[in-house]
Amino acid sequence: MSQATFRIWRGDRGKGEFRDYSTEVSPGMVVLDAVHQIQASHAPDLAARWNCKAGKCGSCSAEINGKPRLMCMTRLNQIPLDRPVTVEPMQAFPHLRDLVTDVSWNYEVKKKILRFAPRKPDAADGTWRMEQVDADRVQEFRKCIECYLCQDVCHVLRDHHKHDEFIGPRFFVYNAALEMHPLDTADRLGDLKRRDGIGYCNITKCCTTVCPEEIKITDNAIIPLKERVVDRFYDPLTRLFRMFGG
Amino acid sequence: MADFETHHFDTHQHDVLVVGAGGAGLRAAVEASAGGVKVAVLSKSLLGKAHTVMAEGGVAAAMGHVDDRDNWRVHFADTMRGGQYLNNPHMAQYHAQEAPARVRELEAWGALFDRTKDGRILQRNFGGHKYPRLAHVGDRTGLEMIRTLQDHGIHQGIDFHMEMTVLTLLKSADRIAGALAYDRERGRFKVFRAKAVVLAAGGVGRAFRITSNSWEYTGDGHALAYHAGATLLDMEFVQFHPTGMVWPPSVRGILVTEGVRGEGGVLKNKDGRRFMFDDIPDNYKSQTADNPEEGWRYTQGDKNARRPPELLTRDHVARCIQREVREGRGSPHGGVFLDIAWIKEHIPNSAEHIKKKLPSMYHQFKQLADLDITAEPMEVGPTTHYMMGGVKVDPATQMSEVPGLFAAGECAAGLHGANRLGGNSLSDLLVFGKRAGEHAAEYAKSNGMPAADSAQIDEASRMALAPFERSSGANPYEIQHSLQGTMQDLVGIVRLEAEMARAVEEVGALREKAKSAYIPGNREYNPGWHTSLDLDNLLTVSEAIARAALLRKESRGAHYRDDFPGKDSDWGKYNIAVRKAADGSMKVERVPIVPLTGEQAAIIEEMK
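Here the protein sequences line up with chains V and G, keeping their order.
Using my numbering, you'd call the opening residue of the first sequence number 1 and step up by one each time.
Using my numbering, you'd call the opening residue of the second sequence number 1 and step up by one each time.
Isolated chain G (complex conformation) (with noise of 0.2 angstroms):
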């Protein structure tokens, strides 16, 4: 190993790396620093930007505000029975005892929440959660959370640096010593070299055509830890959100909040049928509402009526809104209609109402839609919007198995299963993030620091500047169109064995032409080049999505093959690892799941 400190780049030294400022780094960063630790956070673009501003209905944490049956052991088992029982039961526990101290801290921090009649922070229904759960703003409680947890995080001595983004992980030996990582305005490369690093790096959405998700989400935390040499898990649940805007063109994709449902919204189809009530799960049944007038009674408050079907689980709405489309029942976009002006019929003033509880989905159409939601149903389908699968990590320190590499928030695995509740990520990156800082400085506190590889820096250094070599090849931005379309046709929400087998092969041609990708420019502010940079990590999480898609032959949670369309029992014992072989191939296997203790199995039990 050469002498790193006679490298040339600029670089870094810090206990802990954090890589992602959204939720669930920014939680991580200002729990590594009240460590005690010297902390830097990375983020891909300015700070306070990330996709946690775009989470709209609330923060799901067991406060009995609203409703006092509520507790953990109600919200585990909602948790569980949402992700098909393939989550970690104990990220399950933990997440559903810590969450309501976690929201708590925010408002200690500064956010303010929406109140109750007494003045506590106010609850609201989402779908799955069998009580009024989420604590929320308005709908921009993302929002409301990434800025408090900004406000408070810059007060605490850590390190920001913006509109970074990583090339690679560094590693010595085994352990975990950093990353290399450029800067977009000038191309800088720039060494971090780190006792722990924490990957927060959100999600995958830009692998799919129609997504909620921002260019940022390329899988960069999936493939960044992949490469390192850890586990992978759960990656052929991918959450296709049932609301997403789809007409007019543009907009497609744009995230409809469950908020709309959870205030009363209705699903309809063309003949303005509510079709949810035609197919209510078997697992569902006894708490799901036969008729509106009970639907309508719960979305109210009313503790004796059961949840109207629109509040099912995302997996199960968006399939029975893709099968209305298919069947030719759909709205004239291709979409169905999702209502919440009807609510006039009950209530007086309800365009006021509605504008109250739903601000920026009023917005939203208004401005982009030219459509009034106060007056007309919205047309709406699914998108892709969340990543169950993740870096494989221990439920109490969030360490992968790469010592020192921790993960948070959406790029971890483990809590959601086979699906995600509505709610549960926000939650999700307060506890885990939290976690995740504080065993991230505690590791860095008891090892020293690793010595950086100048070789790999090298090579990586000069991959990442291959496409500047070249007079001409291939535009980056097709490569990236081309398989978003190969995804989102072949990998989506209704999948085939024929179908997936031929998306591998369709990515893999599409890895080769990668390696001939041409940029035209230099290395400042490139988005041309930060698109093929991008593309490495999507090709590679797009493979893993599609070869854990095609070994699992079943139908569960977010997993739906037409070629195995029911549950196997066989099935609901195993998870799915991804990993790198030592050949470099992508290797895929089941492993068993994570077994529950007595008082869980008790738990789970009593709930059913």
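Looking at chain V on its own, in the form it has when it is part of the complex (with noise of 0.2 angstroms):
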């Protein structure tokens, strides 16, 4: 069994300083699992939020190495272990203890946002009909597991700190969702454009190059969703049609 050294960030509320834990290495391991080593062994009160341990809740978020990823699934045979591996709370929101931050930002966020609303059923027994192809395109963002590693890669909130004005990249998947669902009637545009701060993004795709659902965050997400604020408030005859339709 070999050793490494993780170079974890400790302290409270922004004040803090790395400190050096060494810890053995066993086949398959995870970042997660050094930290619950360390935890167990030398720092009984290193904070850190984990649960399934399998990709699938989004707790475990971390910059490894100054990249936004689940600690439960990065391999430590894709990192070197020749240097310390450096291991430091998201960047993006309120920093609590050591690996904690606040993300109750993100709750307060998805509140605001228009819930579902259906179309009246199709069927008398109270049920709707729906195309498996017209599932699959909202499927693919109901994967997000809300690790909010999207909301801290993005440069809008991690340099411009622009919480107030801009919803991120998560929140944008889920009006993607809710606007591309088969069967909701709601019309959350005005608000995307005026409130939700969607001209702020500029396509850079770091936020669906660090989702690890693979979830194609700019191209499927936002993309389609400023071309629809676009056609609405900046297409010349759109804006003809409705000066005159009303």
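It should be emphasised that the hints constitute simulated quantities derived from the structure, not laboratory data.
There could be a bad hint or two in this list.
[Said to hold, decoys possible] Quick look at which bits of chain G chain V covers, simulated, 3 or more residues with Cβ under 8 angstroms: (1) 102-108; (2) 144-152; (3) 209-217; (4) 241-252; (5) 393-405.
C-beta: ideal position from N, C-alpha, C; glycine also.
Hey, can you piece these two chains together into the complex? The hints should help.
Written out as structure tokens, the structure reads:
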């Protein structure tokens, strides 16, 4: 068994320092295993979130060697172990303790988005009919595990702190899932343009790169939403029709 | 009783307090708030992270979309057969009758299930279900369900308190009066006064070393109810899911969905033999294929074919795997082979087909085990997965024997008996989450706010802080680890009198050791402290499991004893009840099972 060193951020509310911990490496190990071993042996109070340990719940988001990743899905044989592996909290949210950040902003944002509003049922028994191909498109978005790594990497939030004017990639995906849902009837384009700041996204695709569920956030969610907003609010013909059509 | 209003902890008041934010808790909260009362939900983790997200295969509901011979009566009979007739038949009947409506309701709230060719909700095969019955979304059905309930619930005016753990339930005389909790972030105590409490706290998987459960599943609902005076039932029945990952070591126990077998995956030993054909129990012989060709046709929707033996109930499949390993026919890392890649013999473009049907399994093995399931067999072995036992509740209202205390989902007992069928947990949490929420709201409307007991609050908060008072002591992680070893090795899939007796002793010794636990650091987001606080619940449920298993001197469902390998018809008339005696000791005794109605008996007879 070999040893590896983990350089983990320790501290409270933004203040702190990296501390080095050495731990044993066994076959197939992931970064979260290392964090657990360190908790059990050297640092019982090392704060970290986790749940499923299988990439399905999106709790253990962190930055590993500077990259936003799920700790449970980052295998040690995929990163160099000849130098310390840095593990630090996400940067786009207020820091709480060690690897834990305050992600409550995301929950507040979601609450403001217009909820699902289905059309009237298709059948007398109150059920609907949908084609699988129509479901497919939305099912991609509904794979989202809300790890918020896309929010963490987005420069509009991470560097420019536009949390009050911009909802971030996760909630464009959420909007897209609702807008493209075969049954939904609500209209969120006005909110997307004015309140949610979709114009701030300049499609650098960083969000798509870090998504552990491999959702094509930019291509399949954000760009189609941008197009719908543009069609509605900026297309001269549509504006003309609207002006006279009332 | 001291005047509560003078107490110094932050205090909240609600009509209904829900403990747990998995499927059962969210469904209960949605229903209670629809009943017009003020509701709070406390969850140990962030919202949407509960173990329901791990449910893969689907939700069982006899909608008959794929095979119109299906109906609630068949589902009822399947559930009772799977539970070896120790189930509460009234719960099994409500469940089978109401599951279809509960699933359709989710669609009205935005869930997007896979579709049949005519545009309805698609259903798939699963172990122990006679017809294709599981509504699903690929292999991430649980995520779809929890997200649907969460996104619906946040608009219902429910107060969510995330990362909040309950320490004890408060009582006023015999009635439930709320809960004392602490928040993980700051470690502050909070008092939640309530007229009714719904426990929806999930399972006990962390009592075992190899488990598919996360850190949260420490038997909180079971232990809180037990200490509050409720009865626990069927605690000897712990489900070991037959297919967990076994290699590499760090992923040992992570679930491999039964959906793999539902889609045609087969189990083989190291000699390439499909050993499941070697041992088909008598009560399933008439429903089970006796050759591979018929089994394959069943998975592909041939209504005249019987299901392959890989889709027998989980208890049986787990034991067959254990047998192959013990007798030296296992895979290199102590499991057996689960092969879905072989379907290329039947299906053109099988790799794409598998990725479409089982996307997260493909992803999971590719990323965590460097294995392409479309090309190679997986190595799998049993993993602690689900607790059939739990709080004894009224089948219609879900209220326990403690007035005002309700339970739903995994921490309640009754529906599953000695063994749960796959897919019946997601339907369980919908059907009984709704019932619990509805009746908790009704109870709250017809009862006033009980007083909270200051002395109880002081005592519980003082105990919780004890690990910080010491300057040295036992490491809580080590105690947890020892407990997991004890339960895994001595009260696992195959049980023996002497081993279980030793387990009871060891649990007692660990309980003493836990009293000297020491934690460095402070109360703010300190996982060492949280681990030490969870220990008490884990030790309580472990003792209950071991004592109940010792008492049941037969093998039935998930409970298998090498010293009593057969079923005993006399034991088939009893459940085992666990209660806290007046002197604080644990009392374990037999109680008669709930008798079938004439109609229920006729259905079971007809479906035999």
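Hint-by-hint comparison with the structure:
Requiring three or more residues with a Cβ within less than 8 angstroms of a Cβ of chain V, the coverage given for the stretch 102-108 of chain G holds, as 3 such residues are present. Note: the stretch 144-152 of chain G has 4 residues with beta-carbon separation from chain V under 8 angstroms; the three-residue rule is met and the coverage holds. Figure legend: the stretch 209-217 of chain G, annotated as covered by chain V; annotation consistent (3 residues with Cβ-Cβ distances under 8 angstroms, at least 3 required). Evaluation of the coverage hint for the stretch 241-252 of chain G: fulfilled, as 5 residues show C-beta separations to chain V shorter than 8 angstroms, against a requirement of three.
Residues of the stretch 393-405 of chain G with a Cβ under 8 angstroms from some Cβ of chain V number 0, which does not satisfy the need for three, so the listed coverage is violated.
Comparing the model with each earlier hint shows a violation of hint 5 alone; every other hint is respected.
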